[in-house]
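Q: Working from the sequences, and respecting the hints, build out all of it.
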Amino acid sequence: MSGEVGIFINEDASGDPVAVLSASDVVGEMGVIVNQPRSATLRAQGEVRCLRILADDLMGLMRDNPEVTLSVLRQIVDRLTRTTQALEALKREQANASSPQAS
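Read in order, the letters of the sequence shown are residues 0 to 102 in numbering that gives the first Met the number 0.
Don't take every hint at face value.
[As the list claims (entries may be wrong)] So the derived label-pair ranges between C-beta atoms look like this:
| hint | residue 1 | residue 2 | range |
| --- | --- | --- | --- |
| 1 | Asp55 | Ser97 | 47 to 53 Å |
| 2 | Ala85 | Arg48 | 15 to 21 Å |
| 3 | Leu86 | Ala12 | 20 to 26 Å |
| 4 | Pro99 | Gln35 | 40 to 46 Å |
| 5 | Ser97 | Leu60 | 44 to 50 Å |
I should point out that these hints are in silico values taken from the structure, not numbers from a laboratory. All C-beta atoms, glycine included, are put in the ideal place defined by N, C-alpha and C.
A: Rendered as structure tokens:
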């Protein structure tokens, strides 16, 4: 697999991506695991070659191969960690912007 994919929170994939994923990343796994529609829009950042795995096939791979499950879980945890760090940084910025300036 090759190339990069931008992740957008709006359906028309406008503006800057909230994240950029590369060849080793998995996308769509959370929707498969919780059986819910996607929560983001993907847009290729140039030429992309990827592998499509159907939901039932991914669930079978995860059920039969603990290494696959662990890899998917690690990616989910990594994304959650980065999202939490970004949220904490935004909260700090907001707190600094709203606090009175010292003279």
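Q: Checked against the structure, which of the hints given earlier come out wrong?
A: 2
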